[in-house]
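> Read off the chains here:
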Amino acid sequence: MSGSLPAEVPVPPAAAAPGIEKVRITEHEQLADGIWRLLLQAPRCAATILPGQFVHLRITRADDHVLRRPFSVHRVRGRCIEILYQVVGRGTGLLSALPVGEERMDIVGPLGKGWQIPTHAKSLLLVGGGLGAAPLGMLAEQLASQGRHVEVALGGASADRLIALELFRRLADRVEVATDDGSLGHQGFVTVLAERMLAEAGFDAVFCCGPEPMQRLVARHAKTLGVPCQASLERLMACGIGACFSCIVPTRSGQMRACVDGPVFDAEEVCWGDS
Amino acid sequence: MADGEGCEATSAGPEVTDEGMNLNVDLKVKIGDLDLKNPVMPASGTFASGRQFADFLDLNRLGAIVTKGVSLEPWPGNECPRIAETSGGMLNSIGLQNPGVEAFCIGDLWWLSKNAPDAPVIVNVVAHSAEGYPEVIKRLEREPSVAAYELNISCPNVDAGGMAFGVDCTSAAEVVSLCRAVTNRTLIVKLSPNVTDITRIARSVEAAGADGISLINTLLGMSVDAHTRRPRLARVVGGLSGPAIKPVALRMVWQVANAVAIPVIGMGGITSAEDAVEFLIAGATAVGIGTANFTDPRAMMQILDGLGEWCKTHSVSVTDLIGSLSLEA
Ligand SMILES: Cc1cc2nc3c(=O)[nH]c(=O)nc-3n(C[C@H](O)[C@H](O)[C@H](O)COP(=O)(O)OP(=O)(O)OC[C@H]3O[C@@H](n4cnc5c(N)ncnc54)[C@H](O)[C@@H]3O)c2cc1C
Ligand SMILES: Cc1cc2nc3c(=O)[nH]c(=O)nc-3n(C[C@H](O)[C@H](O)[C@H](O)COP(=O)(O)O)c2cc1C
Ligand code: FES
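Residue numbers (our numbering), protein chains in the order written: chain A, 1 to 275; chain B, 1 to 329.
Misleading hints may appear alongside valid ones.
[Said to hold, decoys possible] Derived SDA-like pairs: lysine to any residue, alpha-carbon spacing no greater than 20 Å straight-line:
#1 A:Lys22 to B:Arg298
#2 A:Lys113 to B:Phe56
#3 A:Lys22 to B:Thr295
#4 A:Lys22 to B:His314
#5 A:Lys113 to B:Asp55
Calculated from the structure, these hints are not laboratory results.
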């Protein structure tokens, strides 16, 4: 099969086996209220992770905190992986207080099945809502480096919470934004932008991540126009490696595990909740 | 826990029982007809069949591999969310999702026979009715790579069967007798802690022909989100596991070990070698590691290595530790 590919399109590498790796915080800064950027030195993971995969982070060794926390890798920078996260509870709260130089955390990763880039896709739409933009970073970098046409629809509560906007502006051919408060771009939902952009141009594929109702809508718009859509779904995860069946996503092919069969799914396969 | 009072001079037999280390310690134990090279094994349902953990640890070093619950037909499991983290533990209501015994035999069991030939396989068996248990076993009897069965009569997450059998002496004994009639392999019965007197159930299953008892399964619990007023599990209630349940598990292991003559596999909140030693001292012959596998997929290797170190430092064998609780002041 590889013989028939255009020369400039690399064959997608196979996912590397996951490992456990001690990590060291090399950068840690607050981007907006409750939104943080974390840079972790993790050479093994950095060298092998694919766009859309995630890591399972052990934030503390305290006995009262038994589960790891799953985070997408936004970008790889040399020997480091960059994570963008929002403080929503105890784990992310503890994480946000950790200083640069901290080296007691470890990750299990790289984990899961990431974005599947259709070999011949020329023009792609990326749709991110809130922190859902995080797993689209590496993807945008890869698509841009392959010379494909990339457009991005980005949504958030307000202008300062549109994470990774600069990165997408640098990499993409076109970026449209939507904010809940109208502080930047379209006032309202990013799904409205996505629907409009889908109708305007002939995309070969859509990649989306964000709150599930948003993803369901984007998937529906894409389906109406016959554009294949991939969605990255979040589930509560205990093991992260496919052993415990905590993270079930109902699909047309049966019950799948978000941690190994996803987190990225073909949106048409997913049995979306009450849609 | 008391510090090491082992006498330095009398060292245990100069036996090398573990490939991964050369500590000259005897970790061997016996459950029914089953000789185990060491007492460390996964707790059912936290390790699938081990395949997913092969990237992190050497399956062949485990004392045994205990599989996830296997039923006759495929079971779909419960609605999500199926888990919730709690202080020092977690709740789960997975609901024994599994592809059924046939798929298990041609899938995971076959894989284990090729990739972990040195670890005896203990299959955790589940059913919705007492008659259903021996049906699963009959199919597994045709598989030479099965070493023993663990009858799960204690799962709190299914409506019919599961824990219902494990909280009543008569029905617990009935399940065991029906299974005893169809197999000569080692039969372990997994008990529920959700009972008023664990020793009565333990004695009934022993009398019905069990070769060993494993405990504890999860404690029935619940978690509520105050902000949304909703339960954190779709099924509202689920099973509590992890360090939070260790004192309850230790107490029950101690009570049961004193009530029956058959060996006990102790589990509930074990995260370190010292935890494992505590269970052995309380009377367990072997230990199961559950939730700790999620925190660290290498946990069982660390516990196994740590147990070897412990025995070496204290000049004891594992059998010396079993039931060695000192009640003197
Ligand atoms: C594949 C994947 C990738 C993710 N990537 C990112 C990311 O790049 N940036 C980011 O900010 N967040 C991401 N999340 C969500 C992130 O895992 C949760 O926000 C985080 O676990 C919350 O932990 P907590 O202790 O602060 O919250 P608490 O609510 O106190 O956590 C309680 C339990 O619920 C789990 N939990 C809570 N919210 C979520 C959630 N949305 N998804 C999964 N588990 C959850 C926790 O892991 C923990 O087990 C991702 C989730 C998944 C499944
Ligand atoms: C996610 C999960 C799934 C489980 N599934 C099973 C199962 O299929 N059969 C069973 O007998 N016990 C099952 N258990 C119970 C464990 O085997 C064990 O008895 C319990 O978790 C206590 O040990 P721990 O505190 O080390 O986890 C499960 C526990 C968890 C956390
Ligand atoms: S988190 Fe355990 S199977 Fe997905």
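> Now tell me if each hint is right for this structure.
Verification of the supplied hints:
no.	hint	result
1	A:Lys22 to B:Arg298	holds (13 Å)
2	A:Lys113 to B:Phe56	holds (19 Å)
3	A:Lys22 to B:Thr295	holds (14 Å)
4	A:Lys22 to B:His314	violated (31 Å)
5	A:Lys113 to B:Asp55	holds (16 Å)
The structure shown violates just one earlier hint, number 4.
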